[in-house]
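Chain residues, written in single-letter form:
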Amino acid sequence: MSDGTPPPLDPTLTAMIERMVDARVDARLAGFSAQVEEALARLRAQEGPQRDQASILVFSGDFDRLISAFIIATGAVAMGIEVSMYFTFWGLVALKKQTTFAGKTIEEKMLSAMLPGGPANTGTSKMNMLGMGPIMFKRVMAQNNVETLPGLIKLAQDLGVKLIACRMAMGVMGIKDEELIDGVQYGGVATYLGDAIESKITLFI
Amino acid sequence: MSDGTPPPLDPTLTAMIERMVDARVDARLAGFSAQVEEALARLRAQEGPQRDQASILVFSGDFDRLISAFIIATGAVAMGIEVSMYFTFWGLVALKKQTTFAGKTIEEKMLSAMLPGGPANTGTSKMNMLGMGPIMFKRVMAQNNVETLPGLIKLAQDLGVKLIACRMAMGVMGIKDEELIDGVQYGGVATYLGDAIESKITLFI
Amino acid sequence: MSDGTPPPLDPTLTAMIERMVDARVDARLAGFSAQVEEALARLRAQEGPQRDQASILVFSGDFDRLISAFIIATGAVAMGIEVSMYFTFWGLVALKKQTTFAGKTIEEKMLSAMLPGGPANTGTSKMNMLGMGPIMFKRVMAQNNVETLPGLIKLAQDLGVKLIACRMAMGVMGIKDEELIDGVQYGGVATYLGDAIESKITLFI
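Residue numbers (our numbering), protein chains in the order written: chain A, 1 to 205; chain B, 1 to 205; chain C, 1 to 205.
If you're looking for bench data, these hints aren't it; they were derived computationally from the structure. Don't take every hint at face value.
The list treats identical chains as interchangeable, and a pair is accepted whether it falls inside one copy or across any two copies.
To be verified - Derived lysine to aspartate or glutamate pairs resembling EDC-like cross-links, with alpha carbons at most 20 Å apart:
| id | residue 1 | residue 2 |
| --- | --- | --- |
| 1 | Lys200 | Asp52 |
| 2 | Lys126 | Glu18 |
| 3 | Lys126 | Glu107 |
| 4 | Lys176 | Asp10 |
| 5 | Lys104 | Asp26 |
Note that the structure is a prediction, hence the values are computed from the model and not measured.
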């Protein structure tokens with residue numbers, strides 16, 4: 001006993017005490033186990049719905065608002081934020097690569113003729129001045145080394161921004177699948193909401 | 001001992017060991033207990049403020065933006081998301097059932113005469129063309145089986161979407177309580193913010 | 001034994017049992033310890049990114065939208081919510097104190113001449129009627145005891161709302177630092193996104 005260590009117990013007594021200790025510890029821990037499991041289950045459930053994700057609903061087809069939407073989207077994805085953009089109504093113009101007239105109703109043909117042919121033909125929300133606004137903007141943007149709108153859209157696609165075209169709005173605006181750029185996904189309001197509810201940033205532009 | 005089970009301990013010794021075990025287990029668990037309680041308290045506090053709730057501030061009175069706002073709202077509530085819509089400035093038109101002039105100041109009467117009489121009379125944000133835009137939109141929406149704007153507003157109410165009219169904006173726009181549909185709640189910016197801070201989706205339309 | 005308390009154990013036996021109990025309890029708790037630590041670490045990590053913070057991106061320079069943005073911002077800060085406002089494109093007018101022309105390119109001078117000189121000179125998004133809209137709005141707002149736009153901007157600054165001017169948009173709109181009010185911060189899309197990702201309320205106005 002010079003080292004202060006007690007001598008070993010009789011093995012039979014040891015086994016009996018071990019069993020008793022384990023049973024009592026298990027009983028005491030049972031409640032904790034449930035609490036800890038609950039805490040972890042809640043945490044895992046919470047972490048799913050709130051990742052670093054941004055959801056941008058693009059309603060507007062104005063040149064300046066589209067520039068703003070794509071600068072936010074490409075900036076976010078560059079910061080490691082997953083970005084989902086949902087294009088509805090006038091915003092669909094950002095996804096257009098061409099305008100077709102075949103197989104459209106009279107109303108759809110009228111809408112197609114009046115809507116801009118694609119993102120390069122959009123007007124500004126203010127000071128459009130029969131198209132002078134966008135021209136001046138593009139000049140000053142080039143002087144300031146800001147990417148063009150078609151360039152920003154291409155960049156967004158290359159960086160993995162999810163581009164979703166609203167099926168309902170495509171119907172209302174008379175826009176067909178073959179008029180949109182490749183790589184676009186199609187969805188409805190549930191698709192949008194599924195992304196938005198998981199996003200920390202939700203914008204309507 | 002043929003079954004490997006140790007014989008029962010002396011009852012007095014058993015009682016003594018049990019007391020000792022319990023005391024030591026309790027001491028060891030005391031720290032854990034506090035940690036688990038803290039974790040659960042934090043989780044419960046967190047879960048309050050971030051339910052599956054969406055808050056839509058409707059500033060615009062444009063036909064196409066209102067359509068978009070109510071499609072999002074009704075879609076969300078159908079997915080089990082609680083939805084609160086707060087109507088301010090031009091957006092108040094969505095809640096109008098009639099226009100009255102009695103008891104209004106000159107400015108209020110002028111504003112009332114110039115504002116649309118209700119959601120069925122709103123114009124589009126683009127291509128309104130003296131009212132042709134909404135007519136064409138309504139035709140194409142009907143062809144695409146999209147609900148009308150008054151129909152969507154009624155549906156939102158039936159589904160339990162909370163509709164709140166901004167008191168301050170009602171004052172500024174000269175709109176009286178009797179001009180709004182039944183079932184509308186009234187509130188100020190604090191009402192809006194109270195809902196928005198608890199929402200995962202916050203939109204300004 | 002009249003009080004039911006068992007007599008003390010032999011000290012050597014007690015020490016042996018204590019060591020055994022502690023070892024077994026520690027082994028049983030080892031797994032819990034890791035779980036509880038994980039839960040608390042996750043909670044602490046979660047609480048950082050989601051404070052009560054609101055992020056308002058002000059894109060529009062319309063009088064009525066600016067009024068709405070600043071009423072939300074000042075209301076939020078009064079409720080204990082940290083507010084960050086990021087001004088881009090037309091929204092920059094809210095931060096202007098004067099217009100200068102010296103040292104600007106032709107395009108910048110043209111833009112400066114056409115943009116409102118400051119928040120007091122902004123028009124409404126609807127019913128502007130060559131400036132009659134804002135005048136009527138201001139009269140009715142005064143009758144309803146609503147603060148003026150310059151008053152709301154001053155109040156926001158006094159209440160500690162963070163006002164950030166978008167450097168890129170300043171370049172595109174030809175706006176120089178000396179044209180903006182004091183106390184404004186300058187930043188880019190990463191500044192905006194850094195605030196927005198930590199915010200429970202994110203609006204694009």
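- request: Could you tell me which of the hints above the structure violates, numbers in ascending order?
  value: Of the numbered hints given earlier, those the structure breaks are 2, 4, 5, listed in rising order.
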